[in-house]
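Q: First to last, the protein sequences are chains A and B.
Taking this note's numbering, I'd label the letters of the first sequence as residues 1 to 517.
Taking this note's numbering, I'd label the letters of the second sequence as residues 1001 to 1502.
If you're looking for bench data, these hints aren't it; they were derived computationally from the structure.
Beta carbons: idealized from backbone N, C-alpha and C, even for Gly.
A hint or two may mislead.
Just so you have them, the derived chain A footprint on chain B, three or more residues with Cβ under 8 Å [said to hold, decoys possible]: (1) 1252 to 1261; (2) 1483 to 1495.
With a straight-line Cα cutoff of 27 Å, these simulated DSSO-like cross-link-like pairs (lysine-lysine) come out [as the list claims (entries may be wrong)]: (3) LYS1381(B) with LYS25(A); (4) LYS106(A) with LYS1469(B); (5) LYS25(A) with LYS1037(B); (6) LYS25(A) with LYS106(A); (7) LYS1381(B) with LYS160(A); (8) LYS106(A) with LYS1170(B); (9) LYS106(A) with LYS1449(B); (10) LYS160(A) with LYS1441(B); (11) LYS106(A) with LYS1441(B); (12) LYS448(A) with LYS429(A); (13) LYS160(A) with LYS1449(B).
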Amino acid sequence: MFDHILSILIFFPALAGVFGFMIQKESMRAYGISVAFIEFILSLWLWFAFDSNVSGMQFMEQMALIPSFGISYILGVDGISLFIIILASFFTMIGIASLTETPNEKNMIITLLFLQMTMVGVFAALDAIVFYVFWELSLVPMLYIIGAWGGPLRVYASVKFFLYTFMGSLVMLVGMLFMAYFFYQATGVWSFALLDWYRLILPESFQLWLFAAFFLGFAIKVPMFPFHTWLPYAHGQAPTIGSVILAAILLKMGTYAFIRFSLPLFPDASVFFMYPIAIIAIIMIIYTAMVAYAQKDVKQVVAYSSISHMGVIVLGTFALNVEGISGSIFLMIAHGVVSGALFLLVGVIYDRRHTKMMDQFGGLAHVMPRYATIFGVMLMASVGMPLTINFVGEFLSLLGFYEQSHILTLLAGVAIVVGAIYMLAAYKKMFFGDVTIEENKNLPDVNKRELVALIPLTIITIWLGVYPKPVLEPINNSVEAVVQLMHNKATTEEAKTRIPDLTQGIEITRTAMKEAH
Amino acid sequence: MLAPVNVSLESLNLMTLAPMLIPIIGALLILVIDLFKSNLDKTLYVGISLLFLFIDFIAIMDASGVFVQDGTVMGVFDVMLIDGLAILSQFIIVGVSMLFIPLALTHKRFHEFSYPEFFALFLFMISGFQFMVASDNLILIFVGLETASLALYTLIAMHNRDKSFEAAVKYFTMGALAAGFYSFGAMVFYALTGSVEINQIAAVLEANGYADIAYVLVGVAFMLASFAFKLSIVPFHTWTPDVYEGSSAAMAGYMSIVPKIAAFIVAMRIFEFLVHSGIVWLEVVLYVFVVVTMTAANMWALVQSDVKRMLAYSSISHAGFVMAAILIGTTQSNSALFMYWILFSFTNLGSFTMLWISRQKHLPAYQRTDHSFDKFAGMIKTSPMAAIIMALFMLSLAGIPPFALFWGKLYMISSAVTSGYTMLALIMALNSAIAGYYYVKLIVYMFMKEPVVGNDGHVYVTNATLALKSIIGFAAVGTIFAFLAVNPLLEFVTAFVYNSGY
């Protein structure tokens, strides 16, 4: 039955969404929660059935869709995508569960279920066109969520979000078509299957152009400096649930795609562009941290800090070695949990006060102690305190890049420390001092519904910070396969040396062991 | 004394005429019925037209069977040319006409449908288009073109509003100019080669190595201008928005599909050998036409305040996009043209039908034009199903996967990539992004704005009947599940195009 677990994971929420139209309005929330819960259980089952010793794709499904043009419906997960899928189903579940009173709640829940389909689809697809289908389709529900339930500038923000990403991904589509054409030239058959493309070795000059085309699509999604301008608007205007899903899952599509497409397809180009991208990533970390410090709106602080951390993820990815890439994948999950939680927390206070301006708060720790505690834990995780989830990812990412360049890593490390300043400053403004504004004196603390979402996130933050192995191990195995593939495919000397050869390492230990004997 | 002409009837191959004659017989039958008993209900005429189109469709299927077996068939003194292009385009022409005819069964009474002449003219027009695509004789093409166009002008005028008359006269004037250009171009080619058959013109020009290149260019220029008018290529597009606005939404949707595919086929026949002959000038001009048409029409569409005008500009942009296939001129690109147009016809007819069912007879005060954007504000609140379907068509037109038009775009851009037109592929992709804005604009109005006071949602379905709803349902299902049909369609189209030598 579970041969098609991935198809079920993708299309179950969509089907449930279609059925959702006939559910009565008052019962919609219960329906949404149950659907999302079943989906979450299914995704946990996926983890349970996942063999973490296998580095390749598992639960593969294959069906020809347009055989004459080489498009097939191919799905599969490995350690890289597994946890992001689980994260997606988890966030949809707690997102629906913690949904506060919204007008047109029914439409919102149906939209979220469709969004979930596209999210799982992106991470499970192993065919470029199927990937592209879900990638583009994910824009539509988000456009609606921001545009219909957002703040005063919602239409502008949602259309900007849509067009920006749409434009980038169309350039990426041209890149995909080129890639398929090169594959056709090399082998005589059309194919968009990713695993087929992995076998194709391209000359460096082709790689550079294709890398650039793919990069534009992914970089806008991440969003990387200087393409990040849509994100503060989107976050600023989106309702809480929109920001949570956007930060926790949708942004990860870009960084995930770097690892799935850019690195293994274009290893030489990745090495060629490593320094420029690392520099952009560091600018992104420092610049957005500074911008975050200047914000008056707490949600914008979280939004910019979220961009800043995406910079670390990109940096780790382009370390091009096992530590860096594993770290960046782990950080993707960590960032999902932490920034998702922070947006939820901002939503909590926004529901009570209908403002997000920090000068409207102050001394909230006296009034809402539990809220302040959870916020504090998440804040510590966000600045990368040891024993929290972010620390593991950031440390590994930086460790990975340290092998490539000491100076740049040092800069990034300093930047992360600077990042702590704005978060702590924001925390100070909101929670410490005396309660100066009358309205804040009687704010109720977090209620049960909010705790349902926040407690699990807090537990994950601490748990994976202390003991990351269950997640890190499968990631590591899959990343090793990717890095080895990159090394084997690399054609230039530079790339061969930059991307470590893992078999050699094993050889060395073997010979050493022999000698010892 | 002239010797008696001695031709055996078999060599005439009169069966090649069958698909064109069927709608003519249907039209005559309608006129005859009207002679005996007038003032019959429109349902009768709709039924008869549908039946004849159905028979026509089957006749084309037979012809395609013959084509698969024997290849290209010539007939009637080699004037008729039934090749893969002719068959594919006739499928589109008749198929879309079959979807269009039930749109006459509106809830509100509209003037034009009460005349049997409307339906007779409609069938004459179809046979005109069929003649146009099924011949490589410049004169027969001209006859077909004019038959179809004159009928079409009348059909537009029959909508009986001031704007419709304006539209018809505008279209007529421009059409007459285009016809003049066409005949002049044909004259030049005849003077150069002594033939009016495209393949012979090609052969003669090939044989003398394009010696009179200056005259060839004159001929090409006039031909190009004439087809640019018909295909609404910028800068010959100026009639399009006004004509679309003046005609009924259903008619506008029809005009954006059927006349254009007929013109594309002729353009493909004429320009195919010219593009491959290495006339750099033609390639440059076509390139400029394609890029300017796509881009400029997109820009204009951005600033429209009426959905129908927006769709008019968008259809110009789509025509420019598809024109790229003629520029590229490979089997893949020509197949992509058909793919694109088949998928486009579903989506576009669907979206124009959505406008058609919301057509009011009298405009309320807050609404300046028939289909202003304001009218659709907050549609999700008042009639959610209609809003979702409309959004579906818009997303498909914008090229959001997995909806119908995405696959057409994908294949078309791929054909540009395959033949080395990298810049063109990028421009096509970026234009899709620009186009995204105005399609999303309607979605923004429908889903994110509050309804105008006094709009209770009834307006969106004021004209709806079961027939119209079924057409929309058909188009919607076709749009959503296109990905299942793409492979058989692609194989079918490619086989037909390839076997016709294009």
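Q: Are the hints correct? Go through all of them and say.
A: To see whether the hints hold, each was checked on the structure:
no., hint, result
1, 1252 to 1261, "violated (count 0)"
2, 1483 to 1495, "holds (count 6)"
3, LYS1381(B) with LYS25(A), "holds (14 Å)"
4, LYS106(A) with LYS1469(B), "holds (25 Å)"
5, LYS25(A) with LYS1037(B), "violated (55 Å)"
6, LYS25(A) with LYS106(A), "holds (6 Å)"
7, LYS1381(B) with LYS160(A), "holds (24 Å)"
8, LYS106(A) with LYS1170(B), "violated (49 Å)"
9, LYS106(A) with LYS1449(B), "holds (18 Å)"
10, LYS160(A) with LYS1441(B), "holds (11 Å)"
11, LYS106(A) with LYS1441(B), "holds (23 Å)"
12, LYS448(A) with LYS429(A), "holds (26 Å)"
13, LYS160(A) with LYS1449(B), "holds (17 Å)"
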